[in-house]
Each structure stands twice: as structure tokens, then as C-alpha cells.
Amino acid sequence: NALLDAVVETAADKVPLTPHISYGSDIEAELSHVEKLVHLHAKELSDRYGSRWVALKLLEGDAEIRERVNTPDLLEKVQVSQELLKTLFGDSPDILIADRRYGFISGACQEAVKHTVLTRHDISDKVDRVLTHRWLGLPIFAVLMYLVFYLTFKLGDYPMAWLEMCFDWLSAAIVAVWPGENLLWLQSLLVDGVIGGVGGVVIFLPNILLLFLSIAFLEDTGYMARAAFIMDRIMHKIGLHGKSFIPMLIGFGCSVPAIMATRILENRRNRLATMLVVPLMSCGARIPIYALLIPAFFPPQCHGPVMWLIYLIGIVAAVVCINLLRRTLLKGESVPFVMELPPYRLPTWKGLLIHRWDRGWMYLKKAGTIILGLSIVLWFLTSFPKPPKALIEHLTSQEQYTAEIRYSIAGRFGRAIEPAIRPLGFDWKIGTALIGATMAKEVFVSQLSILYSLGDEQDSEETLTLLQQRLRADYNPLQGFCIMLFCLLSTPCVATVAITRKESGKWRWALLQFFGLTAMAYIVTLCVFQIGNLLQTLF
Numbered sequence: 121n122a123l124l125d126a127v128v129e130t131a132a133d134k135v136p137l138t139p140h141i142s143y144g145s146d147i148e149a150e151l152s153h154v155e156k157l158v159h160l161h162a163k164e165l166s167d168r169y170g171s172r173w174v175a176l177k178l179l180e181g182d183a184e185i186r187e188r189v190n191t192p193d194l195l196e197k198v199q200v201s202q203e204l205l206k207t208l209f210g211d212s213p214d215i216l217i218a219d220r221r222y223g224f225i226s227g228a229c230q231e232a233v234k235h236t237v238l239t240r241h242d243i244s245d246k247v248d249r250v251l252t253h254r255w256l257g258l259p260i261f262a263v264l265m266y267l268v269f270y271l272t273f274k275l276g277d278y279p280m281a282w283l284e285m286c287f288d289w290l291s292a293a294i295v296a297v298w299p300g301e302n303l304l305w306l307q308s309l310l311v312d313g314v315i316g317g318v319g320g321v322v323i324f325l326p327n328i329l330l331l332f333l334s335i336a337f338l339e340d341t342g343y344m345a346r347a348a349f350i351m352d353r354i355m356h357k358i359g360l361h362g363k364s365f366i367p368m369l370i371g372f373g374c375s376v377p378a379i380m381a382t383r384i385l386e387n388r389r390n391r392l393a394t395m396l397v398v399p400l401m402s403c404g405a406r407i408p409i410y411a412l413l414i415p416a417f418f419p420p421q422c423h424g425p426v427m428w429l430i431y432l433i434g435i436v437a438a439v440v441c442i443n444l445l446r447r448t449l450l451k452g453e454s455v456p457f458v459m460e461l462p463p464y465r466l467p468t469w470k471g472l473l474i475h476r477w478d479r480g481w482m483y484l485k486k487a488g489t490i491i492l493g494l495s496i497v498l499w500f501l502t503s504f505p506k507p508p509k510a511l512i513e514h515l516t517s518q519e520q521y522t523a524e525i526r527y528s529i530a531g532r533f534g535r536a537i538e539p540a541i542r543p544l545g546f547d548w549k550i551g552t553a554l555i556g557a558t559m560a561k562e563v564f565v566s567q568l569s570i571l572y573s574l575g576d577e578q579d580s581e582e583t584l585t586l587l588q589q590r591l592r593a594d595y596n597p598l599q600g601f602c603i604m605l606f607c608l609l610s611t612p613c614v615a616t617v618a619i620t621r622k623e624s625g626k627w628r629w630a631l632l633q634f635f636g637l638t639a640m641a642y643i644v645t646l647c648v649f650q651i652g653n654l655l656q657t658l659f
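Numbering (our numbering), first residue to last: 121 to 659.
Be careful, since some hints might not be right.
[As the list claims (entries may be wrong)] Keeping only pairs whose Cα atoms sit at most 25 Å apart, straight-line, the calculated SDA-like set for lysine to any residue is:
#	residue 1	residue 2
1	Lys-274	Leu-591
2	Lys-485	Leu-290
3	Lys-357	Met-344
4	Lys-506	Tyr-527
5	Lys-509	Trp-305
6	Lys-451	Asn-190
7	Lys-274	Leu-587
8	Lys-470	Tyr-343
9	Lys-197	Ser-212
10	Lys-622	Asp-478
[As the list claims (entries may be wrong)] Restraint ranges, calculated between C-beta atoms of paired labels, are given here:
#	residue 1	residue 2	range
11	Thr-468	Tyr-527	53 to 59 Å
12	Leu-466	Asp-193	58 to 64 Å
13	Pro-462	Glu-148	34 to 40 Å
14	Glu-148	Gln-199	16 to 22 Å
15	Asp-547	Pro-377	32 to 38 Å
16	Gln-230	Glu-184	29 to 35 Å
17	Ile-496	Tyr-527	18 to 24 Å
18	Pro-192	Leu-123	47 to 53 Å
19	Trp-627	His-514	50 to 56 Å
20	Pro-377	Pro-419	34 to 40 Å
21	His-514	Pro-299	26 to 32 Å
Read the hints as simulated data drawn from the structure, not as lab findings.
Nothing here was measured: the structure is a model prediction, and the numbers come from that model.
All C-beta atoms, glycine included, are put in the ideal place defined by N, C-alpha and C.
Take these sequences, add in the hints, and give me the full structure.
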């Protein structure tokens with residue numbers, strides 16, 4: 121009651137309270153200069169609101185005040201002052217002014233509020249001083265992400281080998297008990313289509329579980345909220361909201377829920393821009409592609425760095441695309457970032473396991489439904505029609521294998537598109553695998569497994585190591601990197617395109633995403649391969 125009475129008494133007091141906030145000598149000098157200009161060129165606004173307040177709003181870039189001033193000469197001089205402050209401090213004037221304003225508020229609170237207990241910065245505040253530091257925050261985030269990718273490969277190698285042995289044993293068991301030469305097409309379907317296709321994807325489950333476990337750990341500790349805060353400075357410079365980082369982060373798991381998560385963005389332009397670039401985040405479906413190709417073309421000490429580089433390229437590409445969209449199709453003012461940082465917590469095993477189970481089960485369910493169905497279809501396309509025996513009976517086993525592939529439906533289609541993708545360093549095999557990957561990215565691996573298993577002798581089972589050896593024999597590291605680059609930047613799976621249509625409300629945004637990302641992937645991969653080829657020739 122005493123507090124309420126004091127508030128009422130203060131409000132009833134007729135003496136105006138006009139606290140003066142000092143913004144520092146450099147800002148005050150420009151503020152004073154703009155204030156004089158406002159008094160001369162915008163006298164009506166100056167008389168109504170006060171020249172200092174109008175000058176502050178102009179320096180902050182307030183759109184409404186700029187519109188009401190509508191004096192080109194004044195606005196040009198204000199822009200000169202803004203550029204000067206940006207050069208002096210390295211930040212936009214609105215951030216500088218807000219920083220000084222909150223500093224004043226903090227000081228006023230410390231003087232006016234009486235605490236009954238001794239105040240102190242707890243451990244959380246001390247940790248935040250380092251993790252959200254202006255200069256240290258971003259490098260720390262980059263190092264943590266590098267460690268996540270390094271551990272994903274290093275620790276995932278062992279369970280991957282165990283799963284590979286299980287699928288090899290299963291393939292060998294089927295071949296061993298198969299009754300002679302009867303129904304060899306069915307044996308091929310089971311060994312090459314089902315086990316080779318689905319198994320080629322499932323063996324990467326440990327890598328996916330480790331990645332999701334690491335991200336869940338960072339989320340549950342409260343660090344990922346700090347990461348969004350750290351990224352806001354970058355997001356703000358390209359015209360996006362700091363909250364856009366949250367859907368982009370979810371995109372490392374799957375693009376579909378990430379696009380649905382853009383609902384947290386109030387501004388439609390920000391939401392659309394984020395929605396269109398989310399597929400550039402390397403989703404869990406791409407991990408099998410990286411886990412197959414990186415060990416095939418790069419030495420063990422490079423596995424973590426190459427994986428980190430691929431993820432970094434996706435983030436940089438997203439930033440470039442957002443900047444382009446916000447300057448062209450989605451022009452508009454960005455809104456301030458306000459987000460409550462949760463306290464740091466020690467994650468529980470139960471919570472981490474629930475996160476991992478949800479993501480892992482989603483992946484297995486896709487492997488058992490979509491990928492199984494597509495693997496059977498792709499096996500059929502790569503198995504039929506069979507070439508006439510007269511054409512292949514005089515060939516060696518490897519030559520027969522190549523002839524059967526080229527004669528199949530998939531081989532014919534792959535050869536038809538090969539002229540278009542040859543400048544990227546790809547052949548018809550990679551082309552057919554990329555087409556299959558438009559349904560689901562994991563299908564790329566199962567398609568290659570099927571392509572490279574046809575023509576094998578019955579006592580030689582396909583393994584991950586053998587597949588990597590064959591890829592290494594057919595392509596060089598530059599081509600391997602370009603394949604990963606194209607898979608990273610190219611069109612997302614059909615489910616992502618469908619959810620983009622649903623969330624945006626228009627097909628044009630979904631089609632822009634589909635064709636725009638494909639065109640970008642083609643151009644970037646073309647440049648990387650041709651420049652890399654030129655450098656290899658010169659050096």
C-alpha cells in the first residue's frame with residue numbers, strides 16, 4: 121500500500137521529470153548537430169516532441185519519424201552523421217544509443233533500488249560474460265560446432281563397423297541358403313535392393329544419433345539460446361531477426377519441422393526469407409552422404425575439418441541468400457530482437473535419451489518406409505531390362521556389370537542427363553543417384569549401393585568399405601567434394617517443398633525454393649570444379 125501511495129503521489133506531482141541521458145561525447149556531438157538541423161527544417165515536429173527526441177529518432181533510423189520529416193536535405197545530413205558514428209564505433213547508431221540508454225537505466229536502478237541481501241553475479245552471469253562476449257562468443261560457438269562434428273565421426277566409426285558386419289552377415293546368410301539358380305532376381309532384390317539399399321542408409325544411424333545427442337545436450341544446457349543471441353548481430357546486419365537462427369538450428373535435424381518453426385517470427389518477410397534458406401542447413405538426411413564420401417576421399421585427420429567446412433558453407437550460403445532476398449523480393453525493415461535467456465541447467469539422461477530416441481526413430485521409420493519403397497523401385501530401374509546374353513557373354517565379370525547398368529532404365533536415363541552434369545565432374549551414376557535424392561536425401565547412398573552392387577559375384581557381399589573403394593577408383597577428392605557441395609546446396613526433398621507450400625500459402629515460394637536452390641547448386645559446383653581442375657592442372 122505504501123508503494124502504491126508513493127506511485128500515485130508522484131504521478132499527481134505537476135513538476136515534469138525530464139531525465140537527461142548522456143550518450144558520450146562523440147554521439148552527443150552528432151546529436152547536437154542533428155538537433156540544430158531539426159530545429160531549422162522540422163520546426164513543427166521540434167515544437168511538438170522536442171528537437172532532441174526527434175534528432176535521436178532520426179539517428180536511430182526510425183521509419184515513422186523519417187517519413188514525417190520528409191526533407192531530403194535533412195535526411196542526407198542525418199545519414200552522414202549515422203555513417204560517421206558507424207565508422208567510429210563499428211556499430212549502427214540505433215545499437216549504440218540503445219546500449220547507452222540501458223546503461224543509464226542500469227545505473228538508475230542500482231541507485232534507486234535498495235536490496236535486503238548482498239547482490240552478486242552468480243556463476244551463470246560469469247559464464248555468460250564469456251560465452252556471449254562481443255568478440256569471443258562467435259569463435260567459441262564455431263569451436264563447439266567443430267567438436268560436435270569431430271566427435272560425430274570419431275565415436276561413430278565403431279558402431280558403424282558393427283552394423284556393417286551385421287548387414288554383411290545377413291547378405292551372406294541369404295546367399296548361402298538360397299536354393300541354387302532359382303529365382304535369382306528375388307535374391308538380387310533382397311540382397312542388393314532391400315539390404316543394400318536400406319542397410320546402406322541404416323549403418324549411418326550411429327552418426328545421426330551422436331549428432332542429435334550433441335545438439336540436444338547444448339539445447340538442454342541453455343547454450344543454444346545464447347547462440348541465437350550471439351547470431352542476432354549477424355542476422356540483424358542482413359535484415360533478419362535473431363529468432364531466425366532458431367529454425368535454422370532446427371534445420372540441422374530436419375528441414376520440415378524447421379520450416380514449421382518459422383511461425384515464431386512475427387514479420388512475414390523474415391519468415392519467408394528464413395523458410396526459403398532453411399534447406400541449406402545440413403539436415404540429418406545428408407549425414408549419410410557425408411559419412412560415405414568424406415572417408416572415401418579424405419584422410420582420417422581431415423574428416424572433422426571437412427565435415428565442419430561443409431556445414432559452414434551451408435551457413436554462409438544461407439546468409440548470402442538471405443541478404444539477396446532482403447534486398448530484392450523481401451525488402452522491409454527488420455524488427456528488434458527480444459529473447460529471454462534461460463538459466464544454465466545440467467541436462468538429464470532421460471531428456472537426452474528422449475531427444476535421441478525421437479530423432480533416431482524418425483530416421484528408422486523413414487528407412488523402413490520411404491527408403492525401402494524407393495530402394496525397391498531403384499533396384500528395378502537399375503536391374504531391367506537385361507541386355508541380351510549374346511552381348512555380354514564374352515565380357516569379363518566387371519565388364520558385364522558395367523554393361524548391365526548402362527543397359528538398364530536408370531543407366532539410359534543417367535546417360536541422357538550426363539552431358540548437363542559432366543561440367544560439374546559428375547557421371548551418369550551420380551546423376552541417377554541425385555535424381556533419387558530429390559525424394560529423400562538418404563536415397564543417394566542407397567542408390568549408389570544398388571548401382572555398385574549389381575554384377576557382383578554371389579560370394580562377394582557389398583560393404584561400406586568396398587563401396588568407398590569403388591568410389592575412390594571412379595572419382596577424385598575434388599569430385600567427391602563437389603558431390604557433397606551439390607547435395608548440400610541443391611533442392612531439398614519433396615517433403616520440404618510441400619511444407620514450404622503449406623506454410624507460405626503459395627506455390628511460387630515453394631517453386632522458387634526448388635528451382636532457385638538447384639540453380640545455385642549447379643552454378644557454385646560448376647565454379648568450384650572448374651577452378652579446382654584448373655589449379656590441379658597448373659600445380
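Hint-by-hint comparison with the structure:
no.: 1; hint: Lys-274 to Leu-591; in the structure: holds (22 Å)
no.: 2; hint: Lys-485 to Leu-290; in the structure: holds (20 Å)
no.: 3; hint: Lys-357 to Met-344; in the structure: holds (20 Å)
no.: 4; hint: Lys-506 to Tyr-527; in the structure: holds (7 Å)
no.: 5; hint: Lys-509 to Trp-305; in the structure: holds (16 Å)
no.: 6; hint: Lys-451 to Asn-190; in the structure: holds (20 Å)
no.: 7; hint: Lys-274 to Leu-587; in the structure: holds (20 Å)
no.: 8; hint: Lys-470 to Tyr-343; in the structure: holds (19 Å)
no.: 9; hint: Lys-197 to Ser-212; in the structure: holds (16 Å)
no.: 10; hint: Lys-622 to Asp-478; in the structure: holds (24 Å)
no.: 11; hint: Thr-468 to Tyr-527: 53 to 59 Å; in the structure: holds (57 Å)
no.: 12; hint: Leu-466 to Asp-193: 58 to 64 Å; in the structure: holds (60 Å)
no.: 13; hint: Pro-462 to Glu-148: 34 to 40 Å; in the structure: holds (37 Å)
no.: 14; hint: Glu-148 to Gln-199: 16 to 22 Å; in the structure: holds (19 Å)
no.: 15; hint: Asp-547 to Pro-377: 32 to 38 Å; in the structure: holds (35 Å)
no.: 16; hint: Gln-230 to Glu-184: 29 to 35 Å; in the structure: holds (33 Å)
no.: 17; hint: Ile-496 to Tyr-527: 18 to 24 Å; in the structure: holds (20 Å)
no.: 18; hint: Pro-192 to Leu-123: 47 to 53 Å; in the structure: holds (50 Å)
no.: 19; hint: Trp-627 to His-514: 50 to 56 Å; in the structure: holds (53 Å)
no.: 20; hint: Pro-377 to Pro-419: 34 to 40 Å; in the structure: holds (35 Å)
no.: 21; hint: His-514 to Pro-299: 26 to 32 Å; in the structure: holds (29 Å)
Going through the hint list in order, the structure satisfies each hint without exception.
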